[in-house]
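> Residue strings, one per chain:
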Amino acid sequence: MNALLSFLNSMPNAFSQGLAWGIMAIGVYITYKILDIADLTVDGSLTTGGAVCAVLITMGWSPWLALGMAILAGMLAGLITGLLHTACGIPAILAGILTQLALYSLNLRIMAINDVLTLGEAASKTKPTLALNPDRNPLLVSSRYVRDLALNNPLILLTVFAVVVIALLYWFFGTELGSSLRATGANGSMARAQGINTNMTKVLGLVVSNGLVAFSGALLAQYSGSSTIDMGRGAIVIGLAAVIIGEVLLGKVFTNFALRLLSAVIGAIIYYVVITLVLRLGLESTDLKLLTALVVAVFLAIPNWKNRYFSKKGVKAHA
Amino acid sequence: MLDVKNIRKTFNAGTVNEKAALRGVSLRLEDGDFVTVIGGNGAGKSTLLNAIAGTWLVDEGSISIGGTDVTRLPEHKRAQYIGRVFQDPMMGTAATMQIEENLALAARRGRARTLRRGITREEREKYRELLKILDLGLEDRLTTKVGLLSGGQRQALTLLMATLKRPQLLLLDEHTAALDPKTAAKVLDATERIVNKDKLTTLMITHNMKDAIVHGNRLIMMYEGRIVVDVSGEEKKKLTVEQLLSLFSKASGSDEADDKLLLG
Chain A
1 MNALLSFLNS
11 MPNAFSQGLA
21 WGIMAIGVYI
31 TYKILDIADL
41 TVDGSLTTGG
51 AVCAVLITMG
61 WSPWLALGMA
71 ILAGMLAGLI
81 TGLLHTACGI
91 PAILAGILTQ
101 LALYSLNLRI
111 MAINDVLTLG
121 EAASKTKPTL
131 ALNPDRNPLL
141 VSSRYVRDLA
151 LNNPLILLTV
161 FAVVVIALLY
171 WFFGTELGSS
181 LRATGANGSM
191 ARAQGINTNM
201 TKVLGLVVSN
211 GLVAFSGALL
221 AQYSGSSTID
231 MGRGAIVIGL
241 AAVIIGEVLL
251 GKVFTNFALR
261 LLSAVIGAII
271 YYVVITLVLR
281 LGLESTDLKL
291 LTALVVAVFL
301 AIPNWKNRYF
311 SKKGVKAHA
Chain B
1001 MLDVKNIRKT
1011 FNAGTVNEKA
1021 ALRGVSLRLE
1031 DGDFVTVIGG
1041 NGAGKSTLLN
1051 AIAGTWLVDE
1061 GSISIGGTDV
1071 TRLPEHKRAQ
1081 YIGRVFQDPM
1091 MGTAATMQIE
1101 ENLALAARRG
1111 RARTLRRGIT
1121 REEREKYREL
1131 LKILDLGLED
1141 RLTTKVGLLS
1151 GGQRQALTLL
1161 MATLKRPQLL
1171 LLDEHTAALD
1181 PKTAAKVLDA
1191 TERIVNKDKL
1201 TTLMITHNMK
1211 DAIVHGNRLI
1221 MMYEGRIVVD
1231 VSGEEKKKLT
1241 VEQLLSLFSK
1251 ASGSDEADDK
1261 LLLG
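Protein sequence lines, in the order shown, are assigned to chains A and B. Counting along the first sequence from 1, when you hit position 134 you're at 134 in my numbering, and nothing is skipped either side. Heads up, my numbering is the position in the second sequence plus 1000, with the first residue counted as 1.
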């Protein structure tokens, strides 16, 4: 009974984290599902979003402005990966890994910016964590108020953010430019034959995606009250888990594009509810990466197994 | 309209897989020419079309379309002049997108993609009318995903897409080869109709000699990266398959050529 109560008690927190990660999952959806690229930049750009937002808030910036700058920083990271992939001809997966690795060094520097500016030579030039405090820093979302029946409850703003992101993307992917992005992922040679510069659309997709991922990182840093160097470790797998869970559970019902994006957010929420549950059952939080990897591996394997062992003989997808 | 001057292309140069696919091809098409291209496997037919479309850049020579030199232009920039239908029905359309979305993409070929709506209501009406002409029952399935269509339906749709915005040059790369004979005839029929109606300058590869003779006003035959036969006008109208085969044997200097050409 006690265990159940404490599980229910931690639900608001699970929902908040799920919503914040859901925005990240939408970013992953854009690259993985729409562009058909597995973009590993996100492990770095999530942290970059958190680091930029946190350092600017500690420097006294408005949290809205800090959020905006975090998004821009993420978009820049996506641009770098995009250029490495298209202009330099590096395979997408490796281009993402290169940017992610470079961002590790940069993120450590970013978090030390305030110290270097105020303390000068005496300050350490790198910093692995940066704390934010809702008493001293103006934060848009904070886990402290997650159980309050008040307007500063983070669940409200996080829901608004998720809805706005979905609405904006729904509009964008219905435009000529957005359609050309979808065509690029669906069939590159067809897109080029229709005069679409597929290099440009790929870069654009990576920019938008990493902007969203950094947005999510900035929200997570504020929500949890700190930005840390490894907050993005394995982010791509969590994002994929959310996308896949959403697709498996809701893919049949949610066919509209906006609903598909919503299903990624719902997937992220379910992911965090499940995580909360297994933590209550006695697993260590450090075991979660193992669990997440297993879940994603199984769900990615199921469709292949289905095709291989359960499909009717002689019937092919495009007969 | 199209002016190809002495183009050359070698794949995998300097390796054991080196293949000189185009060995100095020159070809001039006048406005409204409908040229059929035949030749055996590896003769360079598809390579010629890909060179013109800009799938990659040629090693030597020049290509101009309607007076514009496109030799160094990337594929997506040449698309404003060119409509294409590929041999593989999967290649010309986006399977996960709707029929109307595919058409809307094609209607904007060669134009900058803006933040305006990807498809408008007037367009939908227009597409419905155009699909009716194809006579494949697609006019009531505008929002169907293209992946659910048959190969023939996809090729017909690709043909419509390639000509939706009038291309200066239409490139057809054995676009009926993957279809069953009945569907192939239907798609070829639609091709003839569209090309004649819009007086399109067309280059059509086919493996069927009869089709090559029946369609178009000029026929070229390729062999080992060169154009070896070029027949047009009255001479082409009177051409028979037997004559074509002997022309080929003469040009290639090989007796076993008959089989090779027929099988290709």
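None of these hints come from the bench; they were simulated from the model. Check each hint, because a few of them may be wrong.
What the hints assert, rightly or not - Straight-line alpha carbon distances no greater than 25 Å define the calculated DSS-like cross-link-like pairs of lysine-lysine that follow:
hint	chain 1	residue 1	chain 2	residue 2
1	B	K1199	B	K1237
2	B	K1145	A	K33
3	A	K33	A	K252
4	B	K1145	A	K306
5	B	K1210	B	K1237
6	B	K1182	B	K1145
7	A	K252	B	K1145
8	B	K1210	B	K1186
9	B	K1197	B	K1132
Here the structure is a predicted model, which is why all the values come from computation and not from measurement.
> Determine for every hint whether it applies to the structure shown.
Hints and how they fare:
1. A threshold of 25 Å between alpha carbons decides the hint, and for K1199/B with K1237/B the separation of about 19 Å falls inside it, so the pair holds.
2. The hinted pair formed by K1145/B and K33/A meets the criterion: a straight-line CA distance of about 16 Å does not exceed 25 Å.
3. Between the alpha carbons of K33/A and K252/A the distance comes to roughly 16 Å, so the proposed pair stays at or under 25 Å and holds.
4. Simply put, K1145/B and K306/A have alpha-carbon atoms about 23 Å apart, close enough for the 25 Å limit, and the pair holds.
5. In summary, the hint linking K1210/B to K1237/B is supported, as the alpha carbons are separated by about 12 Å, within the 25 Å threshold.
6. Between K1182/B and K1145/B the alpha-carbon distance is near 24 Å, which keeps this suggested pair within the 25 Å criterion.
7. Our distance criterion of 25 Å between C-alpha atoms is met by K252/A and K1145/B, whose separation comes to about 15 Å.
8. With a CA separation close to 16 Å, the supplied pair K1210/B and K1186/B stays within the 25 Å bound.
9. Between K1197/B and K1132/B the CA atoms are separated by roughly 16 Å; this keeps the pair inside 25 Å, and the hint holds.
Violation of the numbered hints given earlier is absent; every hint is satisfied by the structure.
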